[in-house]
Amino acid sequence: FLGYHDGKSFFAIDFSLHGEEGKNKKRPYGLTPKQLKCRYSKHRNKNSPGHKRKEEYFTTKIQSMLTMLRRAIKNGLRFDYLLVDSWFTCFALVQFISTRRIGCHLLGMAKMGKTRYSFNGKNLTAKEIVNCQRKAKKQKHSKQLNCYYCEAVVRFNGIQVKLFFCKTSRKGNWNVLLTTDLALDFEQAYKVYSIRRSVEVFFKESKQYLVL
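Going by our numbering, the sequence shown opens with residue 39, and the numbers climb by one from there.
Since the hints were derived computationally from the structure, they do not count as laboratory data. Hints may contain errors.
Claimed, not checked - Derived DEER-like restraints, expressed as beta-carbon distance ranges:
| id | residue 1 | residue 2 | range |
| --- | --- | --- | --- |
| 1 | L115 | Y67 | 43 to 49 Å |
| 2 | R138 | L69 | 35 to 41 Å |
| 3 | Y78 | T105 | 45 to 51 Å |
| 4 | K80 | Q198 | 44 to 50 Å |
| 5 | G210 | S136 | 28 to 34 Å |
| 6 | N158 | R77 | 47 to 53 Å |
| 7 | G196 | T105 | 20 to 26 Å |
| 8 | G57 | L248 | 20 to 26 Å |
| 9 | G60 | N83 | 26 to 32 Å |
| 10 | H179 | R77 | 51 to 57 Å |
| 11 | R77 | G41 | 28 to 34 Å |
| 12 | T98 | R154 | 42 to 48 Å |
These numbers were taken from a predicted model, which means no experiment stands behind them. For glycine and all other residues, C-beta sits at the position ideal for the given N, C-alpha and C.
Required output: the full structure, derived from the provided sequences and hints.
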């Protein structure tokens, strides 16, 4: 789903339907051979909406997201921040947002995984970077948000981004936010990213009241 939040209300803008084959070759798309054979099939005219949705179904989520964003921008939609969860925060999106001329930024949850960033002359994972910042005693505590945090400006495949690390307790697990807005501070980033919660409310209400 692509939605727009104007500071008060959330508007659904675009959507796509996807099927992922998955890693289990014996159960592609989560289906047994018998279920796969019985799956509904229909010949569709190439110019029909149904055919377009079928093609979209087999498109990657990242490619579909970029298509949606291009379509929205082309149709005049302007925004300050693109908010995404960790499913969508990737270099392709960082590159896309960094090359737009409409003055927008990316702010997304990232994964504490194997992705490497250039930091202090080394290629490090998010976990290694936050450990470096802790050893350098750059961990801080936000009284306003009641959490621990630290930040680092890094290069992601040559593009400068800022990483915000945060956790709710000393022994908690670190989460990381990635943004292309180098001027953003942690508390601002936290508040802006919390707006993304509105899409989850939209999903809940769409299911509960509209039976989607």
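Verification of the supplied hints:
1. L115 / Y67: 43 to 49 Å: violated, 33 Å
2. R138 / L69: 35 to 41 Å: About 39 Å separates the Cβ atoms of R138 and L69, which means 35 to 41 Å holds.
3. Y78 / T105: 45 to 51 Å: violated, 25 Å
4. K80 / Q198: 44 to 50 Å: For Q198 against K80, whose Cβ atoms are near 48 Å apart, the range 44 to 50 Å holds.
5. G210 / S136: 28 to 34 Å: Once the Cβ atoms are compared, 31 Å apart, the range 28 to 34 Å for S136 and G210 holds.
6. N158 / R77: 47 to 53 Å: Hint holds: Cβ distance 52 Å, inside 47 to 53 Å.
7. G196 / T105: 20 to 26 Å: Since the Cβ atoms of G196 and T105 sit about 24 Å apart, the hinted range of 20 to 26 Å holds.
8. G57 / L248: 20 to 26 Å: holds, 23 Å
9. G60 / N83: 26 to 32 Å: holds, 30 Å
10. H179 / R77: 51 to 57 Å: holds, 53 Å
11. R77 / G41: 28 to 34 Å: With Cβ atoms ~30 Å apart, the hint holds.
12. T98 / R154: 42 to 48 Å: Violated, at about 22 Å.
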